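Novice: Sequence:
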Amino acid sequence: MLAGRSGNGVLGVDMRFRKVGATAAAVLLLLPLAACGDDGGGGDGKTLTYWASNQGPSLDEDRKILQPELDKFTQQTGIKVELEVIGWPDLLNRILAATSSGQGPDVLNIGNTWSASLQATGAFLPFESAELDPLGGPTRFLGPSFAATGAAGQPPTSVPLYGLAYGLFYHKRLFAEAGITSPPKNWTEFVAAGKKLTRGDQWGLAVEGASYTENAHHAFIFGQQHGVDLFDGAGKPQFTSQHLVLAVKQYLDFMATDKIVNPSNAEYSTPTQPIGDFAKGKAAMLLWQSNAVSVLAAAGMKPDEYGVAPIPIADPLPPGGKPVNSHVAGINVSVFKNTDNRAGALELVKFLTSSAEQQILNKAYGSLPVVKDAYSDPAFQTPQIKIFQEVLATTAAPLPQVPEESQFETTVGSAMRDLFAKVASGQPVGEPEVAAALEKAQQEMGTGG
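When we follow the working numbering, the leftmost residue of the sequence shown carries the number 4, and every step to the right adds one.
Worth double-checking, as some hints may not be accurate.
[As the list claims (entries may be wrong)] Calculated lysine to aspartate or glutamate pairs in the EDC-like style (CA-CA distance at most 20 Å, straight line):
1) K366 with D380
2) K252 with D232
3) K199 with E270
4) K325 with D232
5) K83 with E72
These are calculated hints, taken from the structure and not from any lab test. As the structure is a computational prediction, the values presented were derived from the model and not from experiment.
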């Protein structure tokens, strides 16, 4: 997932979602579930609605990539597809509203970290053997990606579509000018490099400080290295631990104390802002998901102008820390249970996860195929792609597959957004301020105390 939301709107919807998730069955029985797939012309079952997530440099670019493929699907099946591309600041809100109203699409993309949260609403079609077998079964998908499709022990309500992992992007020219010959492997080296690279209007690192999703992802990654368990065995949040305080502070300190991030990044809420700074040589490093390559290309940066390496890992790791430098990132595809064209919706899922479409779409977006048979394409054998594949396979960990996970992203991610804003305005942000913000985030989950 690429971008986040400013403001409190998503929090309001998500607090409602927590209650919906707790009583999903009762709520859904009472709601009038309108038929999906109706194009306003009588709902003949030959038109599907598809909500796609924003994966490229812009919504328009996504439409240009997706529409020819959906037209191909229509030619093959006779089923029309009405496409709407939705930006990340709005996607979760739109999905949650649809789970409550029943006014949703037939097929939609979801951030894979939301899988268990959305599964708990009961609004989505479970993928049992009858649905999975036509796709090639679970073993056709990459193991880490398929593990992020819902809560353990329950049939998944989504299947992987695009695979993603985080990496360190570094600007080769700026590194050479600073006399840095290799990317940093640990955080001490990272900060030292960042300070060498920060001079004038050039900064060591660019971040998307106003994005709750980016902030939450880094809270998880840094938290893993600090030995954090975000939820206990009963699924209750543990955001007030000293380990998480230190993890969040480490990330904020890139701006606050290390001063390798431009304070203006506190206002960045779309991926094109930090990635654009990197492409223009205003920032020398990015901690970003693999699909940044498509945004960099759109910004005019050539692949040989930047390098990719694994995100640093603390050396030594703090007590209990894990060698994790990405979450198992990616996009899944789901079907609303109340679709009036179940067979057509599943046919679209089969099409999107076919080897040919996996190659076409993941090449266009700079993401990773989620099915093993798509890797025969030489485009997925490049050194950069192999780094992301290795991260996904060996040092990535899944975000907790619990119903409250999306709440973690909005509460903690938004708390970090507000802390970045305080840093940018010159206010002190130390351990007490981070601890207070995380305490408030836990209370917003409804189970703090």
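Novice: For each hint, tell me whether it holds in the structure or not.
Specialist: Hints, verified against the model:
Restraint check for K366 and D380: satisfied, since their Cα atoms lie roughly 10 Å apart, inside the 20 Å limit. Taking the CA atoms of K252 and D232, the gap is near 17 Å; set against the 20 Å cutoff, the hint holds. Straight-line distance between C-alpha atoms of K199 and E270 comes to about 24 Å, which puts the hinted pair past the 20 Å bound. A hinted pair counts as satisfied when its Cα atoms are at most 20 Å apart, and K325 with D232 qualifies at roughly 11 Å.
Only pairs whose Cα atoms come within 20 Å are accepted, and K83 paired with E72 is accepted, the gap being roughly 12 Å.
Hint 3 from the list above is the single one not met by this structure.
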